[in-house]
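J.: Sequence:
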Amino acid sequence: MPRPAFFVGPWDLNRAFPCVPDDPAEGSVVLVESEAKGAALPWHAKKLVLVLSAMRHFAAELEADGFDVEIVRAPTYLEGIARHVEERGASEVHAMRPREWAIDRRFVEAAEDGRLGVPLLLHDDGGAAGRPFLLTREEFAAWARPYAEKERKDPQVWRQDVFYRWMRKRTGWLMDEAGKPLGGKYSFDAQNRKPAKGETPPARTRFPPDAITQGMMGRVAAHFPHAWGSVQGFDWPVTRAQARSALEGFLAHAAEGFGPYQDAMLADEPWMWHALLGSSLNLGLLTPHEVCAAALEVHAAGRMPLGSCEGFVRQILGWREFMRGVYWERMPAMREANTLGAGRPLPAFYWEPERTEMRCLRQCAGQVKETGYAHHIQRLMVLGNFALLAGVAPLELSHWFWAGFVDAYEWVELPNVHGMALYADDTFTTKPYAAAASYVSKMSDYCKGCRYDPKARVGEDACPFNPLFWSFMARHRERLSRNPRVAALFRTWDRWDEGHREAIEATAARVREGLVPLEAGWRFDDDAG
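Each residue of the sequence shown is one higher than the last, beginning at 0 in numbering that gives the first Met the number 0.
Please note that a few of the clues may not be correct.
Taking lysine-lysine and the DSS-like style, the derived pairs with C-alpha atoms no more than 30 Å apart in a straight line are [as the list claims (entries may be wrong)]:
#	residue 1	residue 2
1	K193	K441
2	K179	K193
3	K196	K447
4	K193	K430
5	K368	K447
6	K196	K179
7	K447	K193
8	K193	K454
9	K441	K184
10	K454	K441
If you are wondering where the hints come from, they were derived from the structure by calculation, not from laboratory data.
Model the full assembly from the supplied sequences, consistent with the hints where possible.
T.: Pasting the structure below:
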């Protein structure tokens, strides 16, 4: 008798998800390696190892429990599913909604037009404790659309802080019996901005590669010649058990310092006090509900300060859910958004960090090339901020983040890059996150030993962040001066004499002229898969 087939995407590696049968007798399981997706971007070598190894570990766990599991290598996900359906004689296919807009569209069309020859039943990827997201797409839309039309003062902006407060009330997390936030406020972000100079971050939980992972390291090194970075030193979690161990390690050793030092940066310290769970969450090895519940439990036991717990929960309950919701509301227009008209190619040093003399950028981009990771402030206020000030084309930076970070997928990197880092999509951010060198100097030790002066605005020794910042502000004055939080900066600009302003612009122009792109001939296909 024909049985159903269950498609498990490389983002669905969790037995609690509805795309995985509860019992081997219910049907077969198929995982697909999409050749188109593998060739779509110059993926980081460690990202390729992570995805391929995690898929194989998941398949092996199911096979050990008696499931009929097949890993198919095919041009696209749907072609791989079709091949499995034909070989197994499946009666229907169960799948969760894919996380990327283009792939999701193709799955929806396949469910409607019957191209697989059997019914394709798509399950929502959110809305329950054991799902990849806390909200369904429809639940976010139900919040966003009335808010967009009736409640917000600025008709251009969805507010993450408003969404976060709504989610806190909805879940009851960190709320008292009267429905008020613990500690008297929803966010302790203002207290969580301490530099970590002189502090020593805790050791990170590492996962040496086993035989399966070593096999994938060899495969990536041999068969992905355009992969960025190296497979050497791979130690990311590739199973649910390892991901749980990483969560427990964070809560035991780093959670206390996460709050005060979450924005801090130190040279040669890539991990700091961060949880490093993004890749596990985005593969499905962990769920947002269980991660937040674990933090809440540790806080309730007195082993995680309220400020640290709130900041950690906000990253997931607030930012992760918000960015995913905005992505689905704004696609596909978000890809083309370019509010500031930026068009400069991505500077070569993002791919080849040794090309820049700026210590902060060399550290951050070099860290990404080595590990596939940088924390949120390195992403936003160093790597993203420089691209913003230099006028880098949004999709150029988006492709770099998508390809280079082990936890990056379009649904999360695109709104972060276009909305947060580059202000290319202004529907959910109120102003650009633009900063001069003083921010990096305050929050890191990168400026120590750098050949540039973080206090100088003009001349050969001026930190490029400074002239680029003031040139950016002057270039976009008409738009930015509407924001009261930004308007005060222009009074500073106006106080300087014309000669100093011209010197700043000349220094900025010289910096921009030196930003050459990398001529690698790589392919970038946003819709592949």
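J.: Look at each hint and say if it fits the structure.
T.: Hints versus structure:
no.: 1; hint: K193 / K441; verdict: holds (9 Å)
no.: 2; hint: K179 / K193; verdict: holds (27 Å)
no.: 3; hint: K196 / K447; verdict: holds (11 Å)
no.: 4; hint: K193 / K430; verdict: holds (23 Å)
no.: 5; hint: K368 / K447; verdict: holds (22 Å)
no.: 6; hint: K196 / K179; verdict: violated (35 Å)
no.: 7; hint: K447 / K193; verdict: holds (18 Å)
no.: 8; hint: K193 / K454; verdict: holds (21 Å)
no.: 9; hint: K441 / K184; verdict: holds (26 Å)
no.: 10; hint: K454 / K441; verdict: holds (12 Å)
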